[in-house]
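Q: Construct the entire structure; sequences and hints are all you get.
There are 2 protein chains.
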Amino acid sequence: MNLVLLPEQTDSTIWQINDARQVSHLKQHLDVKIGDQIKVGVLNQARYLAEVVEIQSNQMIVTPVEQQAIPNKLPVTLILALPRPKVLRRLIMDSVTLGVEKIVLLHSYRVDKSYWQTPFLEQLDHYIQLGLEQAGDVIAPSILLEKRFKPFVEDRLSVWNHSQTTFVAHPYTTDVMPINFNQQCQLMIGPEGGFIPYEIDLLKENGCHIHHVGNRILRTETAVSNILGRLFCA
Amino acid sequence: MNLVLLPEQTDSTIWQINDARQVSHLKQHLDVKIGDQIKVGVLNQARYLAEVVEIQSNQMIVTPVEQQAIPNKLPVTLILALPRPKVLRRLIMDSVTLGVEKIVLLHSYRVDKSYWQTPFLEQLDHYIQLGLEQAGDVIAPSILLEKRFKPFVEDRLSVWNHSQTTFVAHPYTTDVMPINFNQQCQLMIGPEGGFIPYEIDLLKENGCHIHHVGNRILRTETAVSNILGRLFCA
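Just so you know, the protein sequences line up as chains A and X, in that order.
All the letters of the first sequence, read from the start, carry residue numbers 1 to 234 under the working numbering.
All the letters of the second sequence, read from the start, carry residue numbers 1 to 234 under the working numbering.
FYI, nobody ran anything at the bench for these hints, they're computed from the structure.
Among the hints, erroneous ones may be present.
The list treats identical chains as interchangeable, and a pair is accepted whether it falls inside one copy or across any two copies.
With a straight-line cut-off of 27 Å between C-alpha atoms, the simulated DSSO-like cross-links for lysine-lysine are [what the hints assert, rightly or not]:
#, residue 1, residue 2
1, 39, 147
2, 33, 113
3, 113, 27
4, 113, 150
5, 27, 150
6, 33, 102
7, 204, 102
8, 113, 73
9, 27, 39
10, 102, 113
11, 150, 204
A quick note: this is a predicted structure, and the numbers were derived from the prediction, not measured.
A: See the structure below:
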């Protein structure tokens, strides 16, 4: 946690930290005392240096001292085949930490239908918070759930592709993923086992660009971070 | 698992798969039958397409059909501050999957001394195997344990720096990490909380280059994959 992210605040000078996870981290990991300055964010608003003015057993009170710059987002919509529930938390958290602007979780042939029933999908806001706190960011990306592959690709992605490029990461192709692209785009990453040929064909027909990043097969989490590192080198 | 990695074999035509994890994956996830062809690697030797000739309850027997190319390694030595034990498995596995040639696990001020006692350090060969099986690779990287920061930097890293560049990832510096470097080098990534100023100074004095990759603070695993994606874009 590189910043304590608070929900939107009404008072502009006195803020309470009530979340047990945050209070315990500040006390036990950072050994925070009254008078210390810590990084505090207000969700979807701004980031501050704040001073600790009171410490209770399960609460801290801080007051903002100075506003700080928030890190830039990457101009990318990340379209991910819905991963196994166990991987979802880390994948959302990492994508948010890396600065992805918008996330689409998409069904695909090799996504087990049961994954859409996982209670972890109700925790997305929490995973976003963890990712923002790691990065030192305060602006939450939007997350869309798209449970039908074909309508999403034909009705929505094909329209996005009129103005922006969609790169699909796929090991079995001859074209290599661009380097240092740094422009608004979509990046699409398949499920474990990859997209099936029918899906790749449908993506091509609807204006997507199919690219590989070498002949090593990466796990989804590894691929997200690796390919974003290659596309966005600002 | 994109390849079944076997220990070194004496017989050149008949190989047994005895590992319960591998047998269960082949049966349950891939639904393998007699006559099917699967990817099989022999550790530190070669990768093959192999035919399944016998299936027992806890064993499969395969015979190699055709040798296959193995993926290239990245020409990089990854020097990592020893992570929390829970993170070690994923970090080693990901680094191996990405193709790192050599790994150094290093002590540093913010590494808890107890981490060096974890039984997970005895599982490194297993984590390497998982990483190779994910990537479809068969060549194990070497892993060195360096329990003292200063002697490692002054006596060994300083010598490596005569012929190769060491890039240290550190958020608080003005120089930005190179893009598409693609040459033999060392990449060094600090612990949670980062290197302390004394360590950064010692690294500079011994010929290391301190670079940032933007103003987002990444977890170690995310940083490894992200920065390797940026340095090596072959």
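Q: Of all the hints numbered above, which does this structure not satisfy? Sort the numbers upward.
A: 1, 5, 6 and 8
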